[in-house]
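Peer 1: For chain A, the structure is supplied; the task is to place chain B on it using the hints.
Chains A and B are the protein sequences, given in the same order.
According to full-length UniProt numbering, the first sequence holds residues 1 to 249 in order.
According to full-length UniProt numbering, the second sequence holds residues 1 to 249 in order.
In short, the hints are calculated from the structure, not lab data.
Quick caveat: nothing in here was measured; it's all calculated off a predicted structure.
One or more of the hints may lead you astray.
As the list makes no split between identical chains, a pair holds if one copy fits it or if it spans any two.
[Said to hold, decoys possible] Subject to a maximum C-alpha distance of 25 Å in a straight line, what follows is the list of computed PhoX-like cross-link-like pairs (lysine-lysine):
#1 K247 with K60
#2 K60 with K114
#3 K108 with K60
#4 K230 with K205
#5 K50 with K194
#6 K194 with K136
#7 K136 with K116
There are 2 protein chains.
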Amino acid sequence: MKNIQSDLNEQLLQQDFVYETEQLQLEQCQLIAQNFVELENGIAILSDLKNNKSYIYSGKIADELNIFQNRNQLEIESIWEDELFNILNPDDVLQKHILELQFFQFIKTVAFDKRKDFCIICKLRLLSNSRSLIHKMFYFSDVHHKNVELALCLYHFDFLPSSDYTGMIINTAEGSIIQQTEVENSNFLSAREKEILKMIQSGKKSKEIADVLFISINTVNRHRQNILEKMRVSNTTEACTLATRLKWI
Amino acid sequence: MKNIQSDLNEQLLQQDFVYETEQLQLEQCQLIAQNFVELENGIAILSDLKNNKSYIYSGKIADELNIFQNRNQLEIESIWEDELFNILNPDDVLQKHILELQFFQFIKTVAFDKRKDFCIICKLRLLSNSRSLIHKMFYFSDVHHKNVELALCLYHFDFLPSSDYTGMIINTAEGSIIQQTEVENSNFLSAREKEILKMIQSGKKSKEIADVLFISINTVNRHRQNILEKMRVSNTTEACTLATRLKWI
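One chain only, chain A, in its complex shape:
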């Protein structure tokens, strides 16, 4: 009786902690996003990677840009804020995505308690005129599993139109630049990963891919998993859509 009770207690408490922590982190990030928009009139997109959805917080800058006018639509069923991307220079959006993917790879090499010191910053030119936005992005990891669960993108107008720079990963605590990149798209996925992604896109199953490439199905599945992790997407359909858009395949 005692054991069952203590077991149950432990299970409940643990379950409770997991729930609380995740919920707390989401709520904290939502608050941070709201406060940023409140103060700086910018746009904040909080993406929940696990559930493939995003929360949109749009300040007055959205009116100026004529996007996110549907005020009721605070949530979208995607981690991609296409309505904003569509008014930006496609090359810059591409660089932004590559930078985010690199950042995703990088952050997993950083100890959990140091992760919040890093973010990326890049400049995004508007299609309609010569003005630009500044984009900052932060990743938030799950305290238990160390997975990256949330991504927070902040956008505001750039007031230094003369300054020209490519995106970078920075350490906000030390004020240092970790990585400044304008990466060849082709280097991000390996040749084999791209080959497999193309086959997935054409409708092939893992077994068929394994047969064509003379590799085991386990190897195919490991490649699939690596692709999802590298591209921080939740399924191969999304990976295909993004890779096509990024002209990787």
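Peer 2: This is chain B only, laid out in the frame that chain A set:
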């Protein structure tokens, strides 16, 4: 009976609103400051102009700069964050103060509901090395009296060391620069205001100043009031201290 009740009701509700609104605005700004520091590792100083005190929120950048190490001291009895100013280029701090004062004059000309669209941004060089901080500042007005009651200063590292610009007042909603200035100190206070401030500093009372300048005591008092408003300080002692530091007198 009905009238007294409704009067009392109105009075109570109004009193209640005033308290709530002020308290709410302070709490909201404190939350914004906390969230900024939490996310960006920066330093946020929220100054309560009415009560001449400041709340300090210092992120990891403070450790890097070796300031605000006394973690218990979250409040200071001043609206000036001297511990930070002391490690910055004095010319930049001077320009920052002038910009803040100009911004203060400017914001009072803006309709209450539009005020939150404006902020100032400037660059502050560190004394110790070639790095710089970016400073953003926002004013918050009292909803009832339209006075500027709170000032929020945000500091973080600058990641674009090549860009060089003087401070400016910006409209964050439209992304436009309102005023870009490197103002002569001497233009801020009028010759007469400086003359009177010097006399106040030397210990003269309004009556004595009026006699020396052959003007009425009312005129002296109007000048005193204008000086306080222009410099956004609460008393002439502070005005003298600041004006001396800014080498205006």
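Peer 1: Quick check: which numbered hints come out false for this structure?
Peer 2: 1, 6
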